[in-house]
Amino acid sequence: MKHKLLLIIVSLFFFSLLSATQTNIQLLNQATEAYKSNDFDKALSIYSELEKKIQKNPDIYYNIGNCYFKLNRIGLAILYYKKALVLDSSHALAKKNLNFALKFTLDKQDFENQNFISSFFSRSFFSLSLNALAWVCLILFIALIAIIHVFLRQSESYTHTKKMFLISLVVLNIIFVGWSASRFYIYKNNKEAVISSPKVDAYSGPGESFTKLFTVHEGLILKVIKVDNAWTQISLFNGFTGWIRTSTYKAVAI
Amino acid sequence: MANIVLNKKLSLCFFLLIICMANLFASDIDVSAYVDENTVGINDTFKLYIEISGSITSSFEQPLLPNIPFQNLGMSQSSSTSISVINGKMTSVKKQIYIYTLKPQNMGTFSIPAITIKIGKDTYKTNGVNITVAEQGTTKQNQPTQRTTQTTNFKTSGQINNEDIVFIAIPSKTSLYKNETFYVDYTIYTRYNLQPTRLGDEPSFNGFWKEDISGNANIEMKETTWNGQKYYSIHLRRLALAPNKTGTLTIPSQTLYADVIIPSNNFFSFADRRSISVQTSPIKITVNELPAPPKGVEFSGAVGDFKISSNLSQTQLKAGESATLTITVSGNGNLRQTNNPVFPDVSNLRVLGPETDTQHNINNEANTAKRVLKYAFLPQDEGFYNIPSIDFTYFNPIKKQYITLQTSEFKLQAERGNIVVSTYSNQKMINAEGSDIGFIVTNLRFSGFKILFKETWYWGLILFSIISIPAHYFYKLEQDKLSNNLEYFRTRKAKRVLKKYLKNTSFAYKHQQNNQFYDSAYKGILQYLTDKLSIPRGSTQTSILSDLREKISDKEQIEKLESFLNKCTEYKYSSSSVDNVDIHNDYFDLKNIVDGLTKQL
Numbered sequence: 001m002k003h004k005l006l007l008i009i010v011s012l013f014f015f016s017l018l019s020a021t022q023t024n025i026q027l028l029n030q031a032t033e034a035y036k037s038n039d040f041d042k043a044l045s046i047y048s049e050l051e052k053k054i055q056k057n058p059d060i061y062y063n064i065g066n067c068y069f070k071l072n073r074i075g076l077a078i079l080y081y082k083k084a085l086v087l088d089s090s091h092a093l094a095k096k097n098l099n100f101a102l103k104f105t106l107d108k109q110d111f112e113n114q115n116f117i118s119s120f121f122s123r124s125f126f127s128l129s130l131n132a133l134a135w136v137c138l139i140l141f142i143a144l145i146a147i148i149h150v151f152l153r154q155s156e157s158y159t160h161t162k163k164m165f166l167i168s169l170v171v172l173n174i175i176f177v178g179w180s181a182s183r184f185y186i187y188k189n190n191k192e193a194v195i196s197s198p199k200v201d202a203y204s205g206p207g208e209s210f211t212k213l214f215t216v217h218e219g220l221i222l223k224v225i226k227v228d229n230a231w232t233q234i235s236l237f238n239g240f241t242g243w244i245r246t247s248t249y250k251a252v253a254i
Numbered sequence: 001m002a003n004i005v006l007n008k009k010l011s012l013c014f015f016l017l018i019i020c021m022a023n024l025f026a027s028d029i030d031v032s033a034y035v036d037e038n039t040v041g042i043n044d045t046f047k048l049y050i051e052i053s054g055s056i057t058s059s060f061e062q063p064l065l066p067n068i069p070f071q072n073l074g075m076s077q078s079s080s081t082s083i084s085v086i087n088g089k090m091t092s093v094k095k096q097i098y099i100y101t102l103k104p105q106n107m108g109t110f111s112i113p114a115i116t117i118k119i120g121k122d123t124y125k126t127n128g129v130n131i132t133v134a135e136q137g138t139t140k141q142n143q144p145t146q147r148t149t150q151t152t153n154f155k156t157s158g159q160i161n162n163e164d165i166v167f168i169a170i171p172s173k174t175s176l177y178k179n180e181t182f183y184v185d186y187t188i189y190t191r192y193n194l195q196p197t198r199l200g201d202e203p204s205f206n207g208f209w210k211e212d213i214s215g216n217a218n219i220e221m222k223e224t225t226w227n228g229q230k231y232y233s234i235h236l237r238r239l240a241l242a243p244n245k246t247g248t249l250t251i252p253s254q255t256l257y258a259d260v261i262i263p264s265n266n267f268f269s270f271a272d273r274r275s276i277s278v279q280t281s282p283i284k285i286t287v288n289e290l291p292a293p294p295k296g297v298e299f300s301g302a303v304g305d306f307k308i309s310s311n312l313s314q315t316q317l318k319a320g321e322s323a324t325l326t327i328t329v330s331g332n333g334n335l336r337q338t339n340n341p342v343f344p345d346v347s348n349l350r351v352l353g354p355e356t357d358t359q360h361n362i363n364n365e366a367n368t369a370k371r372v373l374k375y376a377f378l379p380q381d382e383g384f385y386n387i388p389s390i391d392f393t394y395f396n397p398i399k400k401q402y403i404t405l406q407t408s409e410f411k412l413q414a415e416r417g418n419i420v421v422s423t424y425s426n427q428k429m430i431n432a433e434g435s436d437i438g439f440i441v442t443n444l445r446f447s448g449f450k451i452l453f454k455e456t457w458y459w460g461l462i463l464f465s466i467i468s469i470p471a472h473y474f475y476k477l478e479q480d481k482l483s484n485n486l487e488y489f490r491t492r493k494a495k496r497v498l499k500k501y502l503k504n505t506s507f508a509y510k511h512q513q514n515n516q517f518y519d520s521a522y523k524g525i526l527q528y529l530t531d532k533l534s535i536p537r538g539s540t541q542t543s544i545l546s547d548l549r550e551k552i553s554d555k556e557q558i559e560k561l562e563s564f565l566n567k568c569t570e571y572k573y574s575s576s577s578v579d580n581v582d583i584h585n586d587y588f589d590l591k592n593i594v595d596g597l598t599k600q601l
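The listed protein sequences derive, respectively, from chains U and D.
Just so we're aligned: the first sequence equals residues 1 to 254 in our numbering.
Just so we're aligned: the second sequence equals residues 1 to 601 in our numbering.
Derived by calculation from the structure, the hints in this document are not laboratory data.
There could be a bad hint or two in this list.
Capping the alpha-carbon separation at 27 Å, the derived lysine-lysine pairs in DSS-like fashion look like this [said to hold, decoys possible]:
{"#": "1", "chain 1": "U", "residue 1": "Lys53", "chain 2": "D", "residue 2": "Lys481"}
{"#": "2", "chain 1": "U", "residue 1": "Lys53", "chain 2": "D", "residue 2": "Lys450"}
{"#": "3", "chain 1": "D", "residue 1": "Lys481", "chain 2": "D", "residue 2": "Lys454"}
{"#": "4", "chain 1": "U", "residue 1": "Lys188", "chain 2": "U", "residue 2": "Lys163"}
{"#": "5", "chain 1": "U", "residue 1": "Lys223", "chain 2": "D", "residue 2": "Lys450"}
{"#": "6", "chain 1": "U", "residue 1": "Lys163", "chain 2": "D", "residue 2": "Lys476"}
Assemble the whole structure, with the sequences as input and the hints as a guide.
Written as C-alpha cells, this is what we have:
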C-alpha cells in the first residue's frame, strides 16, 4: 500500500515536470516562430518569460540579445551577449554576435588593440567555460586520488614512471585548480556593466555639479568601481574614470 | 721435341723476313707536290696537289701548308690503293692526294717551299713549286679548241667572267604594306657546270620577320633564258618575309660558295674544279603603313588573302564528352603572327583552348599558309547551346581593304549528367554581400544552467575522494596487523565464530533439538574463549577456565559458566533426559553468560 502511494507521488512529480518542459517547448516554438516572422517584440517577451522560468541559460540570454539587437537596442543586446558569455565563455555564437554588435556602438571599443601576448593570454584564459574547467578539475582530482590509491595498494613498487605520473598529475591539478579558482573569482566578482541609455555624461564626482569629464553612449562596456546610491564610479577600458548615474547602465553579473 | 725446336726456328725466320720486307717497303714511299696551273690570274683560283704514294704501312697526318701568300679556300683529299701480283709476289701501292684550293692575293712570282710530311717515324719533303700570278691567267686562255663531244653546253673556258655566274635575290614585291608577306627567291644563273657548296653566314634581316620555306627540294639545274642570254639556273632558297616596320628596309646581301667544274681538254687529266664565291646585291623595300581599320572591327593583324572554314566534331554530347570546334584559316599571308579570334562567353559552356597549328606551303604550293584552331567545349549543364559565329578580320593588300570573315553558327545539345571535372577552373573569391548577427538558438536545454562549483554533489564527490585516502590507509594498517599477527586475527574473529554457534543454538532451541543445542553452545563458548584468550584450540575446559580466572575478577560469573559448561557436557550426548523447561532456562542462561563474557573480555 505504501509502495503504491509512493509510486503515484513520484509519477505525478515526473508528470508535472514533463508537462512543465512541454509548455516550455511550446513557448520556445512560439518564440522561434515570432522571431522568424520578424515579430521581435513578441519573441523577446516569450524569451523573458522563459528566462524567469529557467534560470541561468546562456542560450536564452543569447536569444534575448538577438531580439534586442533586432529591435535596435544595441546596449541591451551587448549586455545579454555578455551574460551568455559569463555563463559559458566558450559560447561561439554569443562571441560572434557580441563582436558584431560592438561595431554598432557610437564609442569605438578597441579591445583588439592589445599586444599579441596579452590578447593570446586572455583568449586562452577564457577559452574554456567555467563548467568545462570544473569537469577537468574533477577528473584530474579523481585521477590523482586514484593514483594515490594505487600507491597505497602497491607500496613496495614505486617505479620511476609512476612517480613522474604522480608528479605531473599534481602539477596539472595545481594549474587547473588555480585557473578555475581565478575564473570562479571573476565570475563571482563580475564588475562589468553595459551602458543602456543612449547618451551618458560622466562627472568627476557623484553629482552634476562636478566637472563633466566625458560622454559615453549606449553599448559601451565599463567596469563598476563603487556604487554610491544614485551615482556610480566607473572606469573605461582606456583608463578613464568618472561618475555616472546608476540607472544609466546594467550590470552584467547574473 | 725436335719438331717444336724446328717450328720455333721457322717462326723466327718468318718474323725476320717480315721486318726486312717492311723496311724494304718503307723506303719505297714517294712524296711530291704540284699545281694545276703555274700561271694564274689574280681573280682565279688554282689547286695545289700533294701526293703521297707507295707501300704505306704506318699512319700519317694531313700535311701542313707553310706560310704562303695565297688564300686557302679549302682542302679535299682522295686516296686509292692498287694491288698487283708479279711473279707470285704481291705488291700493294697506296696513293693519297691532298688537294688545296688556293687563291692568289698579290701579283708576282711566288714559290711554294718544300712541305714536310711525317709518315710513321720518317719525315719526307716535297719539291718546291713556283707560281706566277698575272693579271689574267694565260694557260687556259690559250687553249683554242673546245671539246666537241660535250653533251651539255657548259662553258669550259678556264677564265670565269662575272657575267657568267650571277647570284641574285628576287623579291616578289618591293612596295608593300606592313606585315604583308612576300617572298625572296635566291637563284644562281650560270654558264658553267656549277655545284653550290654552301651558303655564306646568314645575314641579319633587320625589321623583318623571316622564315625559310625552301624545304628539302632538290637542287636542280634548269636551262633558262635570262637577260636575253641562255643560262643554267639553280633555285637555291626561298624566304618568306614580312616587314614589321614601315619605311625603307634593306634585304641584305647573301654569299654563296660554289665549285665550278671545267672539263679538261687533255684526255689524261681529270676535270678541273674551281671554287668561287658570289654575292647578291642588297635590295631596298618600301613598306607602307596599313590604313586604320574600320570602327568596331577586331583586326586580327593578318595581311593577305584568306579563307575560313569551321567544323564542329559533334552536335550531341553524352556524359563526360566534349565537342571540338575546328576553325581553319588558310590563304596567303602572315598567319603565324596573327591574333587568334576571341571566342565570346556562352553561359554554362566552358571553352578550352584554342590549340593552334600553323603550316606553310600547303601541298607544296608556294605562298600558302594554313592555321588550324581547335576549341574544346565542355557544357556545364544539360540543354541546348548556341555556338556563335566568330569574326576574323584581315587586310587584303591587293584590294586595299579590310575583309571580315565569319564562321558558321552551331547548335550543341548536351544530355543529362554531363558534368565534367576539369583541371581548368574559373573559380572566384566569395564576396560578402551583407552582414548580420547569427540566428537564435532554437534547440536549447531546459535544464537550466548550473555552475558546477556551486553544486553540492561536486564538492561531495571531492570530499569523498579525499576521505577515501585516509580510509584506505587505515584499512591497509589493519590488514597489515592481521597478516602479521595470527592471534590478533583470532581475537578479531572470535566474536564472529561465537555468533555462528549461537545462531545454531537458537535454531536448535526453536526446533527442540536438545543435544544439538548443548553441543553447539559448548563448542561456541569454548572456541570463543580460546580465541579471545589466545590459547591453543582444543585446550581442556579446566585449563581454559583457569586462564579465564586470571583475566576476570568476577568469580560468580565464572562459576555460572562452569556449571553451564558442565551441564552441556552432561546433556550433549543423552537426548531424552532434558525437558523443555530446562532447555528454555538454559537458553536464557547462555544469553546472560555470553553477554557477561563479551562485556568483560
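Hint-by-hint comparison with the structure:
no., hint, in the structure
1, Lys53/U to Lys481/D, "58 Å, violated"
2, Lys53/U to Lys450/D, "14 Å, holds"
3, Lys481/D to Lys454/D, "42 Å, violated"
4, Lys188/U to Lys163/U, "37 Å, violated"
5, Lys223/U to Lys450/D, "25 Å, holds"
6, Lys163/U to Lys476/D, "21 Å, holds"
The structure does not agree with the numbered hints 1, 3 and 4 stated previously, though it agrees with the rest.
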